[in-house]
Structures are given as structure tokens and as C-alpha cells.
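Number 195 in my numbering belongs to position 107 of the sequence shown; there are no gaps in the numbering.
Just so you know, the hints here were simulated from the structure itself, not pulled from any lab data.
Watch out, some of these pointers could steer you wrong.
Pairs of lysine-lysine, DSS-like flavour, derived with a Cα cap of 25 Å [said to hold, decoys possible]:
(1) Lys-747 to Lys-689
(2) Lys-350 to Lys-312
(3) Lys-417 to Lys-377
(4) Lys-653 to Lys-591
(5) Lys-377 to Lys-350
(6) Lys-689 to Lys-615
(7) Lys-591 to Lys-615
(8) Lys-653 to Lys-689
(9) Lys-372 to Lys-998
(10) Lys-592 to Lys-653
(11) Lys-615 to Lys-653
(12) Lys-592 to Lys-615
(13) Lys-417 to Lys-372
(14) Lys-350 to Lys-372
This one's a predicted model, so the numbers in the text were calculated from it and none came from an experiment.
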Amino acid sequence: MNARPETRTFPEGVITEPLPGEVIHPLLRQQKTWSDIMHFNRNLANILAVGGTLEQIYRRWQYFDIISTPFGSEVGKNKPGTVTQDRVKAYAEFGWFTGSVAMRLAELYGGARLEHNEEYYTALINCDRELILPLLREDEQLREELIWGMLAVEGNRDVSLTQRDSYKPGQKENNPGWSCALIEASETGLISRDRLIDALLSSLMSDFPAYRVGWFSRLVTGLKLTAEEIAARQSEFLTLFSSPIGPSVTLGVQHIHRLWSKNPQALDATAFAYAAPAVCAGTKANALKILTMLQTLYRAGTLDAAACEDAVVMALSHAHAQVQAAALKHLEEWVQAGAADNASVDAIVFAERARELYRDYRSQLDPLVVAQSQEDGSPLLEDGYSPENSQGSGDESTALTDAAEIQAAAAEALAASRAVIHRYWDTPVRPVTASDVQERARALLHHQVAPCATPDTLNEADQPETHAGCELELELLTAYLLSADGTAQSPNLLEQLVPLCLKKLNHWGLEWFDMRAHLTVLTAAGKLRERPKASEMTPKEDPGTVPNLHTMYSRHAAFFSTGFKDALGVLQSRQSYTPLATPELLGGWAHPDTLVRRYAKNLADGATILRHDFTAALLRVRVPEVLPPYATDEQRQDAQSRRAEALTLLKSLEEQYVKNAQEDAPRSAPTQIRVLRSALDGTLATGRVNPYLESITVSQREKSWGLQLNGVQDGASTPELNAFRGLAAVHRDEEGQYTLLYPSWAEPLAYYCASSNWYTLDHSAFDRELYLALAAHPGVWGPACAFVFAAGFSEQRVEIRSLAVEIMHRVLDDQLSLEDATAGFVNFVPLAMLNRWALALTDFAQLDARRVVRFFARLIPHLDTGANSLGKLLGAFSQALATLDPATRAELVDEPLRTWLGSLTGSSQKARYARNILKQVQG
89 MNARPETRTF PEGVITEPLP GEVIHPLLRQ QKTWSDIMHF NRNLANILAV
139 GGTLEQIYRR WQYFDIISTP FGSEVGKNKP GTVTQDRVKA YAEFGWFTGS
189 VAMRLAELYG GARLEHNEEY YTALINCDRE LILPLLREDE QLREELIWGM
239 LAVEGNRDVS LTQRDSYKPG QKENNPGWSC ALIEASETGL ISRDRLIDAL
289 LSSLMSDFPA YRVGWFSRLV TGLKLTAEEI AARQSEFLTL FSSPIGPSVT
339 LGVQHIHRLW SKNPQALDAT AFAYAAPAVC AGTKANALKI LTMLQTLYRA
389 GTLDAAACED AVVMALSHAH AQVQAAALKH LEEWVQAGAA DNASVDAIVF
439 AERARELYRD YRSQLDPLVV AQSQEDGSPL LEDGYSPENS QGSGDESTAL
489 TDAAEIQAAA AEALAASRAV IHRYWDTPVR PVTASDVQER ARALLHHQVA
539 PCATPDTLNE ADQPETHAGC ELELELLTAY LLSADGTAQS PNLLEQLVPL
589 CLKKLNHWGL EWFDMRAHLT VLTAAGKLRE RPKASEMTPK EDPGTVPNLH
639 TMYSRHAAFF STGFKDALGV LQSRQSYTPL ATPELLGGWA HPDTLVRRYA
689 KNLADGATIL RHDFTAALLR VRVPEVLPPY ATDEQRQDAQ SRRAEALTLL
739 KSLEEQYVKN AQEDAPRSAP TQIRVLRSAL DGTLATGRVN PYLESITVSQ
789 REKSWGLQLN GVQDGASTPE LNAFRGLAAV HRDEEGQYTL LYPSWAEPLA
839 YYCASSNWYT LDHSAFDREL YLALAAHPGV WGPACAFVFA AGFSEQRVEI
889 RSLAVEIMHR VLDDQLSLED ATAGFVNFVP LAMLNRWALA LTDFAQLDAR
939 RVVRFFARLI PHLDTGANSL GKLLGAFSQA LATLDPATRA ELVDEPLRTW
989 LGSLTGSSQK ARYARNILKQ VQG
């Protein structure tokens, strides 16, 4: 049966036949949707060129709007061929929804009554480009009212003047959008040029985002204002000096500079000097223009030194050396004016003020600027102040003494903060008991570390920000639930938490840690069981009960480690088991005698030793060989005595299970006991991890990693050691498990950070949590950890780069040796952004100049002399070096660095910085 043919009724006046100049594109019937009206929109210029009118275009648009609208569909309350407020909303929200000129044509020729609000003005931006200028010629209300409302609206993500108009001044050909139409309309007198300029400046001074303000800046530039027009609007352009948007500041500087060049008498010098300091903190080009203008006005007597002071002070702390040098020229002129025979009192006062400013800001000045001023015999040094000759006033020796005192205080504060963190890691944990299991389990389900997990002897301020807290708490909770007391009491104690677990597990937003925590509580409460038989299921069964939980666990089983599955199996069987790897210290360690006692208890109880639990315990045993470098002599003696006690206990186990083993003794006991003895001797877990980070380049190659145990890389002589790969390979995105994986060695966590969060050139992929996880690791750091923090030094985000600097400041020469730090950074050099390393070096120097100079003095010789931004890095190094005393400089800049610096010749910036560094060292 054929479908009912479509019949349409067209209102009176609708033009159904093609207009002159309209090209019809043949389309299949199924294609006749919006394609028709899109083709029509492309013909608008042709229709107008052959004499068509705006009213004809509107009537023809009605026809296409009617035939392209499917039967029974409407845009809100809008009928096809008409425009109401609902259609206006569509024009304002969708950038691809072109043809909004029909909105205004409907008002002119269709009798539409639309509200002229912000939504209407935004939709007007979306007007068809070919009709803007013809509509401006025909529509007086558009010229006198509507376009001014449009220029005052911000727009949105899809519809804005910047989005819809690609006008650029000076471009040979521009798309005929609003900008070109407004320029032509102002030139032909259709609209007031003064009113257009004022409207654009008003929008520039609004709080529009930088992306949307750019269109207004470009249009003001395209209008090519005369000196008279600029002079009449000086206050507006000077207001742009303090704009947070760079292009707006540049626009203001360019126009004020043009006014000053063409008619200096028209410039309000007082207002200009008041607004100038904001520009001197911005771009180099703008700051140099402002300083040049101020210098000329000062020489002409239009401005005095007091009016220029704020801008000059701001320029002295500018990042670019050229701006600093221009500011010093101002200070030199002030000194020369004060030395004149006919100098006024104010000139003499400001001459002294200039020398004072130079002394205050000298440490912040670029070393090349300081060296150049000394070579030129700057009058600022005539009072005897000079780094090479500090006998005049003694300021240099005083400054060095103050710097030494500051360095000593900083070192003392650093040692105190390290001691607090070390004490935190060595604090015993508080095991879960029957009295607090409900409270701590509830806190864990909400992904919080229970307060009672932290001993009362530590204040909250002493606790570092760590992502291993929840993982540690889950292990403590699991250890209690697996104990004899836990298996007997946990079903009743945890009964009230079951509804919470069932509710949250039915949501897909849970992380893997949350899933493990909830499944652990459910299993301990006796609510996780195998899939029921079909006969046990009822039609009214709640989908949030056990069958769905089993399905979910089966679906995600690949994401849970075998050790976690084994623990769930023991919990389900209601058998008691004493986990071997449960940490005794907040850092994640277990004492050797405790490990042997736990092992002996499981053998006595007839419990099967879980492979992954045994392997994890081997990695956590606290023997003297794996103690971190900050461990005290008392802690090393304690580890020795506890190991001796553990070996005594182990000897009795050897007598019972190896030499005089009974028939019912576990078969794996002899092998496990031998492995335990190796672990206690410090010969098992050597802590050597495969150094594969050298292969991580921009190509983002992923490689697996494994821990070398007893010199065996990919396998081991026992199933327990071979199980390590399963222990480490399935933790996914949970930094906490890696932090606890091997508390004596941080390399596995660093490899996880590098392999699961790529770092590509100029792309920040390492998150704050990864750096905090490494910072919270109590063990020894290696080159892989330094590699991660080399990426942090290259971060574009200031807060991440600063965090990396702060952590490196704490761990360097404590958990991380200078040699390993250098090796890790050298591996990262192919990916490094040296301009950001320079910023990180400057931040590091504010914390400890001596250590950062010592570190980069080792690192710089490994850099390519042709690397990008090398000059910026050498400049930051030179500035940090200048804050040290001469003896320290000579000590830290060793012969390899001096040879490398000597290879830089020529007049380039990096060569000049290299010569400046050598000059500082050689005196």
C-alpha cells in the first residue's frame, strides 16, 4: 500500500518558483530536508546581484522552511514559515543553524512581534553574511538600535562575533561579516563612526572572555583611528592598560603611542604616568614602548622622577632583560640629574632613591644586565657598591652574611619537616578491633581514612598528604575480618552496613578501590555467595541483591588481583587466616619477627599460605639492608635485633617442618622457609627494578616491568616469587596499592606513574595525585622517580610545577641521591621544555639556591648546546649562582661544566650567559 502523498498549503505571498539568480540543485526526495534551505542560503548574493529584494528573499525562505519541515514537527510553538521567540532561541543557541536574517525579515515583512532581549541580539550575530550590508541599508531600526544592542552582548560558545566573523585587519580578503559591513557602513555614513568606536571600546572594557574580546580589538584596529579620535578617548585607552586581557592592553598601548608620536601635546601625561605601571608588568614590547615614552617625557620636563617611579620599579622586576636594562637607564638619568651643579633638592633625593632601588633589586636583575652596567661604568655604582669591589660600603659582605643566615634557617626548617614525616612513617599502626570495626568500615566505604587509624601521638598537621591511607586501612580491616575473632563476630557487626554496600554497588561510578572495599564488607557479613540456582530466584527479587552482585563481580574479575580474590575466598569459607603482609608501621613495613610469628601461626592452624600474601610480605619485611637513608642508628639496631629474634624463631620452624617434617606437613613449607631465611638475610629483595624509562620517548611506547628477585628478572625459583607479577600488574589506577607494594623502594610506583600516565612533548599528563603519591612513599628513590619529577619541572601548569619543585626540595639528598636525580633528569632531556625548567630552577633557588646550583651544575653538561631555550635555563642558573658567595660558586661549578660552558662561543644569548657564569666563578 502506497504512503499518503504529502500535501502542503502555502500562505499567501509565498514564492514557490525560483527567483532570478537562484540555482536549483537537484536532490533526491529523501534528501529534501535542511539541504534545500542550505542551498538557498548560498544563492542570496546572486539573487541580490540581479535585482532581487529582501522581501522576495523572505517570501522564498518561507517556501523552503515549509517544505523542509517534516509533517507534524514544529520548533517549539513555531509553525513552518513563521518566526516566533522559540525560533529565535534556536538561532541563538546553535551556530550551525544559519538563516537568522529571517528573524529580522519576519519582523519587517511578516508582521512578527519579537522581544528584543539578549537572546535576540545573540541570534542577530548569526545573520547571513551576504545580507548584513543590504539589510543595514534598508532597515533604519537595525542601524539606530539593534546593532548597538548586538555589540553589547557576549554571545555563547557557538554563537559570538568572534566565532562567526573571521575579520583580520590588513588581510587582503575578508569574509563579508559584521566587521566588514560595519566598517563600510561607517565609511558611507550609514552609521555614526564615533558611536561605533565608543561602542567597541565599551565592550573592550567589559568582562568578556579573552577569546570573544579579540573581535572588538581587531575591529578597532581596522577602523584606523586618527590622532584626534584617539585624543578624545584617552581615558578609555588608558583604562585598557590595566585590562587582564593581553590583546586589549596592546591595543591601548598602540593607540596611545600613536597619539604621542603624532601629537605629543595632546597626550595627558599625568594620566599616562598613572596608568603606565600596569603595562610594565606585561609583555616586553609594550613595556619597552611605555618606558621609552616615559624617558622622553622626563627629558622634556613634562614628567618628573616621582611620576615615573612606579613604572620603573615595576620594570625592574620584569622577566625580560631588555626591560630591566631600560629601567636602569631611567635610574642612571636620575643619578646624573642629581649630580648636576644646579640640581634641585628633589633631583638629589631621587638620585639617592635610584641607588637604593638598584641595591634592592640587584638580586632580581638578569646577570647580563648587571654585568653590562658594570662594564659601562654605570653611575649607579659610583658610591662604591660593586660585587667585584665591595670594600666601599660593605653591602656585598652584609648581603652575603644575610643570605647565609637565611640559608641556614631554611636548612633547619627543612630538616625539621623531614623529621616530622620520617616520624610519621615509622609510627605503629592501630589494628582494627571489634570495638571500632563498624566505625572504621563505614569510613572506608565513604572513601575516608578513619581518624582512629592514626595514633593519637601524631597531630593532623604532622601527617603528609597520602593516597595510601585508604589502602592501608583496607588491609587492616581485612586482617581483622580474617582473624578468628573477626570470622566469629563480623557477620553481626557489619550487618547494618549491608544495605549501603548493596545500594552503592549498583552504581557504575565506583572506582576499583571502592568495589573491593564494598565486596570485602559484604563477604565478611556473609552476603556474597555463589550464583543461586534458577529455582531459588523469584520474579520479585530485588535487582540490587546477591545475584546481580555475583554478575558484577564476575564481569569485573579481571580488574581484581588474585590476592584480593584469594582473600574473598577465605572470607567466604569462614576460615581464620593471619595475613603475613599486613603493615605494622604507617610507612608500610612489617617487622621480621612478626612475619615469622604470623607464618608459624598459620602453619599451626592448618591454614594454607596465600601466594600473593607471602610475596607481598617478602617485599615489606623491614631488614637493615632495605632501611631508607634517613633511618637512625637506633632504628638500624632495632632492625638487627628483631631480625636475630626472627632467625631464632625460623630455626625452630626448620627443625619442625624441614628436618623432622611430618607426613601431614604442608609441601610448600620447606621452600617457603628457605625463602624467608633469604629475605631475612637481606639477599632476596634486592630492590633492583628494570630501568626501562630510557625507552619512553614521544612515541609513547609502553613496556612492562618486573622486580628482580635474587637476580631472576622474569621468573623465579618458587611460585611465591613468580606471583609478584600478578600482585603488581592489576592495580590499574590506584596509586595507594603501589605505595604499599614495596615501602623500601619507590621505583615500582614511579614506573607505574610513567607507564600509565604518558608524558608527551608540551602535553601535561601527570596529575597532582601522582606526585603526592610519590611524595608520600617512605622508601629510597631512584632515577625513575627523578624522571617523573623531570616531567613535573616541564609542566605548563604552574601549580603542578611548583608542587614538583617543593617535593624535590624535600627529597634531594635525603631519599634521592644527587647521582640518581641527575640520571633521571638526563633520561628526560629529549622531552624537556628548558624554558619551564628555567622557571622551576628559579622557584627552587628561592627555597635553596646552593642545592639547586649543585644539582643543575651536574645536569647542564648533559644538555645539547643547540637545544631550544637553553639561554633561558643558563640565565636562571646564572641568577641563582650570583646569590652565593665566591667560594661556593667555585666549588659547585666543576671542571666538566666549565668545559661545556667554554664551548659556547659567539654573540648569542646562551653564549653571553655562559661567559657570565664563568666570570662569576673565576672572579
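Which numbered hints are broken by the structure, listed smallest first? 6
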